[in-house]
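Protein sequence lines correspond, in order, to chains A and B. Oh and the first sequence: position 126 is 126 in the numbering used here, straight run, nothing missing. Count along the second sequence from 1, add 779, and you get the number used in the numbering used here.
Since the hints were derived computationally from the structure, they do not count as laboratory data. Since the structure is predicted, the reported quantities are computational estimates derived from the model, not experimental observations. Hints may contain errors.
Derived DEER-like restraints, expressed as beta-carbon distance ranges [claimed, not checked]:
{"id": "1", "chain 1": "A", "residue 1": "H565", "chain 2": "B", "residue 2": "D805", "range": "44 to 50 Å"}
{"id": "2", "chain 1": "A", "residue 1": "R656", "chain 2": "B", "residue 2": "F811", "range": "51 to 57 Å"}
{"id": "3", "chain 1": "A", "residue 1": "R583", "chain 2": "B", "residue 2": "P839", "range": "54 to 60 Å"}
{"id": "4", "chain 1": "B", "residue 1": "R851", "chain 2": "A", "residue 2": "R656", "range": "25 to 31 Å"}
{"id": "5", "chain 1": "A", "residue 1": "P775", "chain 2": "B", "residue 2": "E821", "range": "50 to 56 Å"}
{"id": "6", "chain 1": "B", "residue 1": "D890", "chain 2": "A", "residue 2": "S385", "range": "41 to 47 Å"}
{"id": "7", "chain 1": "B", "residue 1": "R851", "chain 2": "A", "residue 2": "R583", "range": "55 to 61 Å"}
{"id": "8", "chain 1": "B", "residue 1": "P839", "chain 2": "A", "residue 2": "R755", "range": "41 to 47 Å"}
{"id": "9", "chain 1": "B", "residue 1": "P827", "chain 2": "A", "residue 2": "E642", "range": "21 to 27 Å"}
A few chain A positions that, by computed beta-carbon distances, are all more than 10 Å from chain B [to be verified]:
{"id": "10", "residue": "A97"}
{"id": "11", "residue": "R443"}
{"id": "12", "residue": "Q464"}
{"id": "13", "residue": "A549"}
{"id": "14", "residue": "R583"}
{"id": "15", "residue": "E612"}
{"id": "16", "residue": "E658"}
{"id": "17", "residue": "G670"}
The beta carbon of each residue, even a glycine, is placed where N, CA and C say it ideally should be.
Read off the chains here:
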Amino acid sequence: MTPGARTEVEPARLAALLEALATERGIEEVLPRIARAAAEAVGALAGVVLGYDEGLEALTSLQAFGPPELVDCPVARRRGQGPCGLAFETHRPQLAAVESDPLLAERRERLLALGVHSILALPILGTNGPLGVLSLSRPSADPPTSEAVTRASLFAHLAALALERERLSERARQAAVESADIHSALQKARRLASLQAVTASLAEALTVDEVAQVVAVQGYEAVTEASACFLVLLEADGETLRVAASRGGRPGGFERWRRFGLGAGTPVGAAVRTDRAVWLRSYEEIVAAYPELPLGDVSRSNLEAFAAVPIHQENRPVGALAFTFRTHKAFDAEKRDFLLTLGRLAGQAMERARLYDEERRRRLDAEASRRRMQMLADAGIVLASSLDWEDTVVRAARFALGVLADWCLVDVVENGGESPVYRRVAAVHADPAQAERVRELLRFPPDPSRPTAVFEAMRTGRTQLHFEVSAPGLDADVSDHAHAEVIRRLGLASFISTPLVARGRTLGAMSFARSRPDHRFVEADVPFAEELARRVALALENARLFEDATRAVRARDEFLSIAGHELRTPLTALQLQIQSLRRSEAAPDPRRAARIEKVAHHGARLSALVDELLDISQITAGHLELVPSEVDLVALCRSAIERDAAPLERAGCEVRVEAPARLVGRWDAGRLGQVVHNLLINAAKYAPGQPIDLRIEAHEGEAHLVVRDRGMGIAAEDQARIFKRFERAVSTRHFGGFGVGLWIAREVVEAHGGRIEVESGTGRGATFTVRLPLPTESP
Amino acid sequence: MSNDDVILVVEDDYDIRDALSDILEDEGYGVFCVENGREALEWLGEHPAPALILLDLMMPGFDGFRFREVQRADPALARIPVVVLTADRRAHEHQADLEAAGYLTKPVDLDELLDVVRRLA
């Protein structure tokens, strides 16, 4: 081909190339044509478009025109290497003759064998620098004309344009991708913010209903294009769903869906039943999947898509969160994730609300329990504090008010057995305004002729429960209108009647009543009622026992007193007669005289016993009165010894006295004489055959009287007991008397302001020491 | 009119009346017994005044205290000496207002009884 022959055809080719460039043909199409056009412009056998690869730092072949062996020829491609490298570096066309150019020395033989005698390398220059090289392999060694070079350069420019465009395209694509990434990231950020807003709102929702509300509102806000958001929950029966909250949609549009069955052919029901989310991307899909769905009044424009995600508590579906949309929705993975997350948040919040609810209820229960335990404790203290049982029972009943009941009654049974009498002893009300009215019930004690709950409790010994009272039923058969009216006015919605039982005996009944129907008794209240009743019963029993015991003791003491006085009367006559007998025998028959003496002795013993008896009742009744006078203790003791000479001699007890000449004090002579007598007789009783030491001395403002015997002694554990009334250290059979000698002695001594003590040990005899106060001024 | 030999015993217990009767009769006195204050007043209304009245205090109905009140209020009877028989050992103090001529505590000591009777009758 001659250079000139190209001139006419080239504009057309150029135009075609430009067109190709203008339309979005890829470089794989355009570049070969450019390479060809350039090659033909300079009469080259082949043209290769090389691009610069920054990573390799080398020029690589992009597209080419020409025979394969020429195109694949390993022309030096490195920067600065070969004519191509040089052209790239210098930005100027380079012509290299194969035979002579040292840059091509390596490939000379090959190139010559292929018929290439020169290579023209044209730089492909972009706006910001070289983009590559256009390498043309010529058969001729002659340099091309400058025209030809110019023409070829033109194609090099086109190649530059193509490459640049390619580059820009690439960047645009990347920018688009990046922008899509940003968009996506923005969307993610927005969704995250929504979820956080939802979480924050849910944190404040404490009850299940509050949670439902928050979820519906927040869900509606967070999900774009949602026409409505609603939350359904499964009821206790496990089969019914109810709409717990909704947002958006037509006002009242969810009314029809207040309650519907799980299997009613609804997408939301399906979500709960199958525990899987339901995604319906279009109205058609909805209708196709759920043909029975009554959509009559739902405007289609609000139902272009539907989604329902199940809500879990403890891994079980308890409901679902659903959305209706205004447009079709593809429900891509991100959207699904978002909605499923909302469902999860709702489930967690509900779980938390449920736990909080439970916790609150437990706390209230614990609080109520604690108050009741406190009540029982307080009641226990009150009940133990006093033996005035009627008063304490009323106070105990008051404890039940407020904590357990609104009003309370206590009935007792007296004279159990043949003819029991029922008495209402307490009627109390929490409201002071009702105090008068409730006391009217005191007039209506339980009547055995009517089968009332109170009476039943007493009769059966079992608590009567009437958690729900529809008509006044505390006294079931209330024929008395006044009675019924009182109960009606007090208000009776619920009551418990529990028997008061102590030690197997029914003492009465305690009844607890509540006035308000919304606050009835429940099973949990029963143990408290019964426990309080138990304590009241015990208190009652104790008080009664105490009363009985006190009465018994009083009766006994009265009897002793009466007995003493009664005995004294015949004794008086007896003594008179005996004494008369003694005197009347002027010249007595010795035997008769001796017998009479014995009778006199018996009379004296009897008299002493009666005196002791009367002493006991007198001292016990607190009527021990001392008649003090100036008494010489020494003289008193000596005459006591003389008076008891006979029994002392009979016992073989010699009394050895160690005493000053006198010791005067201000005491009751008669009573002191009694004390000395008791001590001496005691010593004779328990230490016969042994001497008794009696010592008297004054010591530091006290008069001491010490009586010491050498008998069996008194064991340590008995020493406190012997001073008690009716106590003996040894059995009753062996020694007569009432056993009160030492008791009387102590009462008398202590009434004088003195003390009496014993020092002894088994087998070591006993030493009794009486200390009496001596007046400080000299007599 | 007074009779040195007569003693009126006012005592509700039969055995005591009997014993007192026996003893005082042995001593040579004439003894009359009544059961209570009312009978005593009746007797005194129908008989000459005795030398001495032995008066039990604790009698059912018209007791010794009441009798003494009436007796002291009646000039015809007021001067008859009275010895009180009482179970109370501290009769002297507690019954000072009786202003009796003597106090004997039950059970009565024979010597004391004879002593006070001889002194007054």
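So does D890 (chain B) sit 41 to 47 Å from S385 (chain A), Cβ to Cβ?
This hint is violated: roughly 59 Å between Cβ atoms.
Over 10 Å to the closest beta carbon of chain B is the bar; see if A97 (chain A) clears it.
173 Å, holds
Minimum C-beta separation from A549 (chain A) to chain B exceeding 10 Å: can you confirm that?
The claim holds: A549 (chain A) sits with its nearest Cβ about 30 Å from chain B, beyond 10 Å.
Given a hinted range of 25 to 31 Å, is it respected by the beta-carbon distance of R851 (chain B) and R656 (chain A)?
55 Å, violated
Indicate whether the distance between the beta carbons of P827 (chain B) and E642 (chain A) respects the range 21 to 27 Å.
47 Å, violated
Mind checking the hinted window 51 to 57 Å against the Cβ distance between R656 (chain A) and F811 (chain B)?
With a Cβ separation near 55 Å, R656 (chain A) and F811 (chain B) satisfy 51 to 57 Å, so the hint holds.
Satisfaction of the hinted span 54 to 60 Å by the C-beta atoms belonging to R583 (chain A) and P839 (chain B):
This hint is violated: roughly 32 Å between Cβ atoms.
Tell me if the beta carbons of P839 (chain B) and R755 (chain A) are separated by a distance inside 41 to 47 Å.
44 Å, holds
Cβ distance range 44 to 50 Å for H565 (chain A) and D805 (chain B), holds or violated:
This hint is violated: roughly 28 Å between Cβ atoms.
Beyond 10 Å from chain B, beta-carbon-wise, is E658 (chain A)?
32 Å, holds
Test the statement that G670 (chain A) is away from the interface with chain B: the closest C-beta pair must be farther apart than 10 Å.
8 Å, violated
Checking a non-interface call: every C-beta of chain B should be farther than 10 Å from the C-beta of R443 (chain A). Is that right?
43 Å, holds
The structure fails hints 1, 3, 4, 6, 7, 9, 14, 17 (numbered hints given earlier, in ascending order).
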